[in-house]
Amino acid sequence: MFSRDRWREIIEVLTTNVWRTIFTAFGVCWGIFILIVLLAAGKGLENGIKKDFGDIATNTMFMWTRSTTKAYEGLPKGRSFEFKINDVQAIKDNVPNMRFVSPRNQLGGFRGGGNVVRGIRTGAYNVYGDYPEIINQDPMSVTSGRFLNYNDIREKRKVAIIGQGVKNDLYEKGEDALGTYIKIQGVNFFVIGTYKKNNSDGDGEEAQKEIYVPFTSFSQAFNRGEDVGWMAITAHDGSSISQLKENIINVMRERHKVHPEDKRAIGYFDLYEQYNRVESLFGALKGVAYIVGIMVLLSGIIGVSNIMLIVVKERTKEIGIRRALGEKPWSIKKQILMESIFLTLISGMTGIIFGSLVIYGINSLLDSVGPVDMFLNPSVSVGVVSGALTILMASGLLAGFIPANSAIRVRPIEALRTE
Amino acid sequence: MIEIKDLHKSYQMGSNSLHVLKGINFKAEAGELVAIMGSSGSGKSTLLNILGMLDGADSGEYTLDGVPIKDLSETKAAQYRNKFLGFIFQSFNLINYKSALENVALPLYYQGVPRKERQEKALQYLERVGLKEWATHLPSELSGGQKQRVAIARAMAAEPKVLLADEPTGALDSTTSYEVMDLIQKINDEGNTILVVTHEEDIAHMCKRIVHLKDGVIVEDKKVNQVRAEQYV
Numbered sequence: 114m115f116s117r118d119r120w121r122e123i124i125e126v127l128t129t130n131v132w133r134t135i136f137t138a139f140g141v142c143w144g145i146f147i148l149i150v151l152l153a154a155g156k157g158l159e160n161g162i163k164k165d166f167g168d169i170a171t172n173t174m175f176m177w178t179r180s181t182t183k184a185y186e187g188l189p190k191g192r193s194f195e196f197k198i199n200d201v202q203a204i205k206d207n208v209p210n211m212r213f214v215s216p217r218n219q220l221g222g223f224r225g226g227g228n229v230v231r232g233i234r235t236g237a238y239n240v241y242g243d244y245p246e247i248i249n250q251d252p253m254s255v256t257s258g259r260f261l262n263y264n265d266i267r268e269k270r271k272v273a274i275i276g277q278g279v280k281n282d283l284y285e286k287g288e289d290a291l292g293t294y295i296k297i298q299g300v301n302f303f304v305i306g307t308y309k310k311n312n313s314d315g316d317g318e319e320a321q322k323e324i325y326v327p328f329t330s331f332s333q334a335f336n337r338g339e340d341v342g343w344m345a346i347t348a349h350d351g352s353s354i355s356q357l358k359e360n361i362i363n364v365m366r367e368r369h370k371v372h373p374e375d376k377r378a379i380g381y382f383d384l385y386e387q388y389n390r391v392e393s394l395f396g397a398l399k400g401v402a403y404i405v406g407i408m409v410l411l412s413g414i415i416g417v418s419n420i421m422l423i424v425v426k427e428r429t430k431e432i433g434i435r436r437a438l439g440e441k442p443w444s445i446k447k448q449i450l451m452e453s454i455f456l457t458l459i460s461g462m463t464g465i466i467f468g469s470l471v472i473y474g475i476n477s478l479l480d481s482v483g484p485v486d487m488f489l490n491p492s493v494s495v496g497v498v499s500g501a502l503t504i505l506m507a508s509g510l511l512a513g514f515i516p517a518n519s520a521i522r523v524r525p526i527e528a529l530r531t532e
Numbered sequence: 100m101i102e103i104k105d106l107h108k109s110y111q112m113g114s115n116s117l118h119v120l121k122g123i124n125f126k127a128e129a130g131e132l133v134a135i136m137g138s139s140g141s142g143k144s145t146l147l148n149i150l151g152m153l154d155g156a157d158s159g160e161y162t163l164d165g166v167p168i169k170d171l172s173e174t175k176a177a178q179y180r181n182k183f184l185g186f187i188f189q190s191f192n193l194i195n196y197k198s199a200l201e202n203v204a205l206p207l208y209y210q211g212v213p214r215k216e217r218q219e220k221a222l223q224y225l226e227r228v229g230l231k232e233w234a235t236h237l238p239s240e241l242s243g244g245q246k247q248r249v250a251i252a253r254a255m256a257a258e259p260k261v262l263l264a265d266e267p268t269g270a271l272d273s274t275t276s277y278e279v280m281d282l283i284q285k286i287n288d289e290g291n292t293i294l295v296v297t298h299e300e301d302i303a304h305m306c307k308r309i310v311h312l313k314d315g316v317i318v319e320d321k322k323v324n325q326v327r328a329e330q331y332v
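These protein sequence lines are chains S and X, in that order. Start counting the first sequence at 114; every next residue gets the next number (our numbering). Start counting the second sequence at 100; every next residue gets the next number (our numbering).
Any given hint might turn out to be false.
[To be verified] EDC-like mimics (lysine to aspartate or glutamate), calculated; alpha carbons at most 16 Å apart, straight line:
no.	chain 1	residue 1	chain 2	residue 2
1	S	K446	X	E173
2	X	K215	S	E431
3	X	K197	S	E195
4	X	K197	S	E125
5	X	K197	S	E122
6	X	K197	S	E431
7	X	K260	X	D164
[Claimed, not checked] Just some of the chain X residues that point at chain S, by a computed CB distance under 10 Å:
no.	residue
8	S172
9	E173
10	T174
11	A176
12	R180
13	N181
14	Y209
15	R214
16	A254
Hints listed in this document are in silico derivations from the structure and should not be mistaken for laboratory results. Note that the structure is predicted; figures quoted are calculated from it, not measured. Cβ atoms here follow ideal geometry from the backbone N, Cα and C, with glycine treated the same way.
Sequences and hints are given; from them, build the entire structure.
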């Protein structure tokens with residue numbers, strides 16, 4: 114296989130007609146280049162879109178209450194109701210594979226008034242009453258101090274974590290927020306930490322302007338009693354929330370005397386379903402990239418096959434001589450196949466190198482002009498590259514197959530007669 | 100060494116078939132130098148091709164060094180050609196992008212002889228045909244006579260049982276022809292069996308035996324007094 118003479122021969126054959134070889138190689142080179150660039154562009158789009166999901170745990174749904182639309186068990190329709198704190202335990206008990214069930218309460222929201230005061234500064238922010246687990250569902254990096262813990266929950270401490278944006282509004286530049294007090298709707302909270310969130314979509318600014326306080330203290334301070342505003346529910350990896358969703362809602366319907374077929378009484382948003390939709394979109398995009406790339410590659414392969422046929426034709430006499438001297442047909446076949454594979458691989462690798470250079474160029478361009486909407490870090494993985502090499506290997510074999518067979522189909526006597 | 104019995108061969112030419120060999124019986128002992136003569140169309144090249152396993156016979160028996168040659172697969176035929184036969188062609192048939200040395204080493208390469216040994220051996224044979232200094236030259240840099248001598252060295256390299264020469268002097272002028280025949284005679288002197296196809300009387304008389312072919316049958320088979328080519332060189 115790796116005999117020196119064989120390789121010398123391959124090089125000799127391919128360099129006898131350099132331009133022909135180069136033009137042939139270009140077909141394959143171009144095909145693999147298109148494939149690599151398309152896949153990288155798809156990846157860039159995917160990275161861009163997925164970044165908008167931020168670090169949020171994607172196997173998550175959000176659930177809230179609305180008014181009922183069906184009368185049930187003597188209760189009228191149009192009745193409004195609230196989730197209660199012990200619903201959380203009920204979900205955990207009745208539905209398997211729950212990872213986090215976080216009850217949440219909320220103040221503020223769109224166009225909320227100035228609800229937070231510090232000294233002479235005021236601001237309008239979303240204030241959440243939360244359990245410590247929320248940091249796993251809606252990840253944020255704590256930039257100073259700490260996040261909520263169960264001692265805060267148990268002792269109903271009036272403590273708060275504020276976003277970087279809140280800090281910028283309410284504090285002087287360089288001022289330390291930790292250990293100070295802010296007044297949320299007239300109640301003083303002790304600042305124990307600051308955070309920063311990493312999503313880049315339109316909510317980016319909003320997301321930095323939130324305040325997190327312990328769920329229990331929130332309920333007490335703002336008179337929520339046992340009520341739960343909404344819930345963020347995350348399932349364990351491996352079981353999808355979209356499948357468990359119906360189960361969870363049924364438990365809630367039962368506990369709150371909602372008609373089993375009342376579709377509107379409990380609202381939800383299934384993040385996983387959205388995420389899956391995006392996933393399958395990119396799956397399809399990748400498929401298209403592969404099909405287009407491979408089609409272009411195919412025409413390159415046909416070019417190689419063509420040239421190999423011509424090479425075989427040109428060398429008919431030589432092949433005849435070699436067979437008269439006792440070279441076995443398989444050895445001749447192997448020679449042709451290796452020439453074909455070698456040509457395909459070399460040109461394919463050139464294509465991969467050019468593709469990588471272009472991707473590298475786009476990346477450095479993106480780095481220099483700053484982030485572009487919905488496009489981030491186009492790249493191809495090592496897996497894709499080795500996949501492309503495998504495709505090349507196989508296609509080289511395919512391209513050489515017909516010429517190699519035609520090479521040994523000619524009988525030595527006929528080959529020798531060719532002048 | 101070579102024995103053929105009742106050999107028939109015909110070619111299909113469109114709708115009618117051409118009966119080229121019509122029952123050839125022939126025997127050659129080891130160490131013989133046989134000329135096969137005949138006008139064109141007499142079937143001499145066909146006979147040589149069948150002897151060379153480049154072509155198959157329609158019927159008849161062919162035994163080479165005690166091995167029956169029949170229904171060979173291409174791979175087996177290649178193996179036998181490599182082991183038993185050396186070819187010398189009219190048009191030399193050297194591979195033009197390989198040097199003289201590489202050409203001579205080819206049959207050894209197909210035998211799987213290691214590179215170094217192969218080159219040493221090839222150089223020995225080139226020396227025997229007097230072309231050691233030309234080892235690294237390409238065929239295009241050699242004269243006709245030199246090319247044929249390289250081809251003879253190549254045919255000898257695998258140490259075959261029989262050398263088959265198809266019009267070895269057909270493309271050469273008479274002086275060079277005699278040089279080549281001198282070489283062939285010397286190789287024969289060492290005990291090698293050689294079959295030479297030719298249509299030139301003088302070349303034929305430099306062999307030890309002449310077989311005349313006409314219209315696909317042997318019409319004459321006689322021993323002759325060998326004319327040494329040396330005297331003309």
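Unmet hints by their number, sorted upward, for this structure: Result: hints 2 and 3 break, sorted rising.
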